[in-house]
Amino acid sequence: MIQRLFSRIHPAVFGMNRRNRELVMTHNHLTAIDLANDKIGTKNALSRAGVPVPASIAEISAHRDVRRIYSKLLGLQHGFVVKPARGSQGRGVTLFNRALPNSVLPLHGAPWTLEEFVYYVARILSGEYTVCHPVDQVIVEEKINPDRHWIVPGLPGPPDLRIIVMQGEPLLCMARLPTVASEGRANLHKGGVGLGIDLQTGRSTNAIMKEKRIAHHPDSGEPLIGVEVEGLADCMRIAALCATVIPLGYMGVDIIRDRDRGPVVIEVNARPGLAIQLANRTGLGEAMNRARNRKGRHE
Amino acid sequence: MAVSDSPPIRVALFGRKEIGIALAICALTALLIGYKVFALGYSMASVQQEDGYFVALQMDVVGNGRSCELKVTLPVSSDRQVIKHEKQVAESFRYTISPGRIGRWYNQAFSGKATLTYSCLAQTEAKRYPLPEGADIPTTYSLRLQSDLGAEERTQSTDPAIVAKAMELAPPGTQLKATLERIFNFCQRDLRYLEIKGPTDAVTALKLGEASCNGKVRLMVAMLRAKGIPARMANGLILERSRKRTTHAWVEAWVGDSWVPFCPTNDYFARIPETYLELAKGDVAVITRSRNIGFDWKWTVAHQLTTREKAVVANVDHPLNILRVWTTLKDYHVSLDLIMVILMIPIGATVVSFARNVVGVVPYGTFMPTLVAVSFRDTGFLFGAIMFTTVMVVAVSVNYLLMKLRLLHIPRLTIIITVVVLSILGVSVVCIKAGLTSGAAVSLFPMAILSLTSERFTQTMIMDGAKEAVNRLMITFMVAGACFVAIDWTALQMVVVAFPEILLINVAINLVIGSWTGLRLLELRRFRDLPPETATP
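Chains as they are written, first to last, in the numbering used here: chain A, 1 to 299; chain B, 300 to 836.
Everything labelled a hint here was simulated from the structure, so no lab data went into it. Owing to the predicted nature of the structure, the values given are computational and were not obtained by experimental measurement. Among the clues, some could well be false.
Here are the computed distance ranges between Cβ atoms for each label pair [claimed, not checked]:
#, chain 1, residue 1, chain 2, residue 2, range
1, B, Leu327, A, Ala55, 55 to 63 Å
2, A, Ala110, B, Leu820, 37 to 45 Å
3, A, His29, B, Gly664, 38 to 46 Å
With a straight-line Cα cutoff of 30 Å, these simulated DSSO-like cross-link-like pairs (lysine-lysine) come out [unchecked claim]:
#, chain 1, residue 1, chain 2, residue 2
4, A, Lys143, B, Lys412
5, B, Lys703, A, Lys212
6, B, Lys766, A, Lys210
7, A, Lys72, B, Lys703
8, B, Lys597, B, Lys386
9, B, Lys370, B, Lys412
10, A, Lys190, B, Lys703
11, A, Lys190, B, Lys766
Taking beta-carbon pairs under 8 Å as the criterion, some of the chain B residues facing chain A (in silico) [claimed, not checked]:
#, residue
12, Arg427
13, Asn656
14, Leu707
15, His708
16, Ile709
17, Ser814
18, Thr816
19, Arg819
20, Glu822
21, Arg825
For glycine and all other residues, C-beta sits at the position ideal for the given N, C-alpha and C.
Only chain B is shown next, with the shape it has when bound in the complex (with noise of 0.2 Å):
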């Protein structure tokens, strides 16, 4: 009997040509990055860590050929403020800052329209002050307090009223502390917060019994000035993300040796929150001008851009970039965190690929896990996983009703995503009115992902079970984890941004994954038994 002697199968685990073709592709990307690191001299941006509130005042004026001036009290940096990035714009006006942090803007003969700035980056703290227990109200001051201790215009602590209010809440012999409590108790619940325009004095607050957050500024200050404590008025913004004309008013009262901020609108008693930026000291209007020009201002508070929307600004506007091109486009508004994000979505896909042909698992549909990764992006792993949850109950439970009404496919799916869009929606207002704020960022939230999802969902239930149905789920949700760590990565981000040519590495990598023809991990678990191959006879 004649023994042929065929060779024996070829082992080869991945395709030689495409081996070939990614390692050509893997050189060519090294050698246009090289060309452009070391012979052009393109350096990547990195991401830095700032955090803080972007703050902007922008005024526009309107001048009728008369001079022009523009006084605003800005920022300055203390033991809890911190104000760095300082920017303005003059236009045709002279711009000037005094020693006491006024910013002057100046034009001798302004005439037209001009649109004036300053912006600074704030990075600021929420404070407490120990206030010293057992202490009577000290009898004598420094000399340099003194102003802070007699009456103004519009804080009238020598008026009768105020000094017999002042008085009985807080007698005499009554310690410090007492009295800072009482009156500060008074302003901030006995006096009713009412929204007024304009400033009320503390004499009409009183009498009014009610009064916006300067009236009540300026009766606490009175009182503690009838009290013999040096006090005064701070003015500042709250930083919140918003535009506004109007800034906020508290007290700040002088304890032992430093000032103590107190704000009876909002209740913090010898605390100063971290959104309060400090602008102006006393009774002062943060922003003064000329009376014979057309004006109007308004305060932008927005947090920090994220350092990493930075960085990507900075890789991305540099002339070796092809990405720069987005940035020219200065009024279409192309949000670079948006083309980023498109950027990193082949690498998405190449986890589900790796998941897919060397793990071995099967999520639900081809790339639904990369797109809702790319979902979990603008809402957070947590609020998304929370977010697909529920959507996910709640879509598969009507599709199960709609099922048993025999509705037809597309139109079943068009309820579902109308369903989604509902529940998402919902999520997302439950989660706001609980503080959640990541909740609101439901925008990019893809729906129809979603809807699909839930399609699948429910035909694999149907057909091969719950327990099947949510295994696949449980595995597309972890392909989409796993997603979601490649693509927030920030600094594979940076690369990306910094060198898009990058992705034709992605390119290589699924050449070799694709002809790459060994078991796949599940299925070296499931072929662990079959016995190895016998010899030829």
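Pulled out of the complex, with its shape left as it was, chain A reads as follows (with noise of 0.2 Å):
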């Protein structure tokens, strides 16, 4: 029985106990820590390095600028992101298709009047979808367009891959699709799948949804294993330049595909999930391991 417990306590998995004390604690430095957390200064630290992100429309620090802006956004045809600056997890996000001068129409759901829309912006200045800093700030960007049909056909929402970095190695990899569980977002903890990738030969190896393995699309019925992610070693170049430009040693790097533009950085994550081990079948410390027999061999 110990000796079966202890099997299990393997030094492949990392568990967040390991994550963040020889991870997070060990390579990330506290104000790379800051910058990453804060979407505007990531944003154009990547941008400045020539990292394709969306487009930013602006930047909303005070309350009273929330009317001068809303006329900026009034001219948009492609629609546009509201977000907390440093928000996590995808919360306070909210995608919108067109702003009316009496009402707002998001992606999802009813139209909001006005008023709702100032008060949710608001309420990401008052810091409400910040952990610990008392105030926010809104950035707007614009909507990307994204390919729905990158990974899998047939998805309610967009896909996106998520890759960890280890000291500017790409590790791990793991595409996030949606679900009409997870409402159309690649969020894992709300109903997403997430497909291990094997950055070798870019192919999909396993599938989680809800931590539990599955082999098909729940909606679609889709295949999942064995799918190919196309232009993967480009997302896997992009990641690694992310890491050079955001001095995080541990770091996710979530990547969307945009029809027009191709891969399209959208978030950099200092203290990426643990579930990108469950989707590849494969421990944060096995995969370091392997890492590191690859370079032995290649010297």
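Join these two chains into a complex; the hints should help.
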């Protein structure tokens, strides 16, 4: 029994404690974490270095700016996204199709009145979606034109790719597919599907939903194993580039594929979650081991 | 193809440095405690179980140079009351206790002011007395009961009106028990209760048809005596947390071969409640004094300091205990209990640290469960839980409504705090009205904590759904429960109070927890299906 228990605490799998102590606290300097948490700073830095990021429309730092900036939104044809600059896990992010003089049309759900929109922005500004900052800023950026069929056809929303970069090297990769259950979002804890992607072959090796293994997409029934991720090499190159801009030794880079622009980095994460291990059926420790061996082999 | 021989990943579940520091801290703490115990002979006071009421009589006397005497009928231990730990303060007076348990303070030439006190611990019990069925009123009694059969100045048992009333209630031939019942019922029910200061005699009470406790008692005693039943007045104190000048009177009647108590004021027939402390028998004043002095007095009744508090004081009041500085601050009234609670908070925090980093549950807020647990100390776990749940329901509903009103964050929180305070007071009032006295203990209930918890709850509900919000609330509650067990654990409290340096061990424990990189218990489950590490090629 004890033997069995200990065989499970094998060094290949990282828990929160180990991730925080041996990865985040060892490789990620606080100032770099702070930069990664601030989407505005991150975006500016990435964009200067030539990493493709969504185009900014406006940044709101004070309540009084809301109405002035709203006039800017009125002319937009392709929609926009409103995000808290220091939010996490996609909290407080809303996609809008259009801004009209008296109402705002979100991508999902009923139109918002202008008052509702102003209140929503005010809530972000007063720090409701941040963890330990008393105030926040709001980013308004262009809604990218995501390629829904990038990884698997027939998804209820755009998929994204999460790449873990360890000391500049892509280590593990997971594609996140929205489901009807996740309300079109690619969040795993909301019920999205996670695909483990082999960085060597560029193909999916395993799929999970709600931390359980699955073989087919729950909505479309599309097979999920052995799927090829188109343009993975490009994504890996972009992820590695991010690591040179944001000095994090351990980071997660989230990439969406725009139909016109190709891969676009939407977020950089200083404490990427551990579910990627389940999606790949590979512990972070094991992945690090393999990477080291590959490196050894090349030398 | 060259196979690299890179070493497998190091399995170190704990940081070596941290364990080293932790061990050093433990050794230091053991040394400190060991030195105090073995070299300096410090010993720990433990909690002894002793329940009861602390009764104190305080008498303020102003003299004018003449002789001064005060006499108090002191309580006596009996089959239903135990008097312990008697103490008195005599100042310049001479204090003696007569064989009849009269405490006497005497000063033959007293001038100036003095405060004389008597105090004791009274442990009382409720008692019921069986009355013989079918027995007639005896016709003869032993000599020593004769004085309890005759008339007295204020107990006019031979007054025609009283005799006539007694005969009307219990005509000749009525049995003993029925006589007692009828006379008791008359004095208890038909004679109205009226708060009157000073003594009322039996005849006046009968004439007025209303009386305070001593009038009721004198009338009942007089009528029983008129019926040939030995009876007397009993004086005592009602033991409830109070400060007062008045004593309470009830009746004792000789039934069979013992005195049986009856209280026509509070309707105790042949029984005495736990809260009655007997002081004097007969129609006598409990306190008598010289006429020529300035005099004021008060009785103070309090639940005996809980034994826990006493042990805390005993532990703290030692030259080797650093906490003793607080006891030297006489004028500041720093509660040692509060200091003890403060000392227990880090231990409650360790419970949270264990729950989060070893078990892997995530309650609301960082140390919210600890603070919630601290508040449960005042209210008791059950009442605290009722309070917690009710307030959460109210606060979350209000928060939800305020979100609809599009109120901004801080003003919204302020409204929630207000609502939380009001609902805490509301719950408290309802509980007190319903007789749950623990509902009164709301003083320290951390309103800000509850408000923040309700805010987090509402946020979680909106962002992750009600199920997740309730789940996390349950987790918060469970961790708070575990914290409560830890901080309310008497033995641990005593150790912490006796050896505050033990908190260094708390540091050591957290050095260990903080450097532990193994999978949390819930992660063991989460990752149970992952294949073990494949052999490196």
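Here is what the structure says about each hint:
no.	hint	verdict
1	B:Leu327 to A:Ala55: 55 to 63 Å	holds (60 Å)
2	A:Ala110 to B:Leu820: 37 to 45 Å	holds (43 Å)
3	A:His29 to B:Gly664: 38 to 46 Å	violated (27 Å)
4	A:Lys143 to B:Lys412	violated (88 Å)
5	B:Lys703 to A:Lys212	violated (37 Å)
6	B:Lys766 to A:Lys210	holds (15 Å)
7	A:Lys72 to B:Lys703	holds (27 Å)
8	B:Lys597 to B:Lys386	holds (16 Å)
9	B:Lys370 to B:Lys412	holds (17 Å)
10	A:Lys190 to B:Lys703	holds (24 Å)
11	A:Lys190 to B:Lys766	holds (13 Å)
12	Arg427	violated (59 Å)
13	Asn656	holds (6 Å)
14	Leu707	holds (6 Å)
15	His708	holds (4 Å)
16	Ile709	holds (7 Å)
17	Ser814	holds (7 Å)
18	Thr816	holds (4 Å)
19	Arg819	holds (5 Å)
20	Glu822	holds (4 Å)
21	Arg825	holds (6 Å)
Hint violations for this structure: numbers 3, 4, 5 and 12, all remaining hints satisfied.
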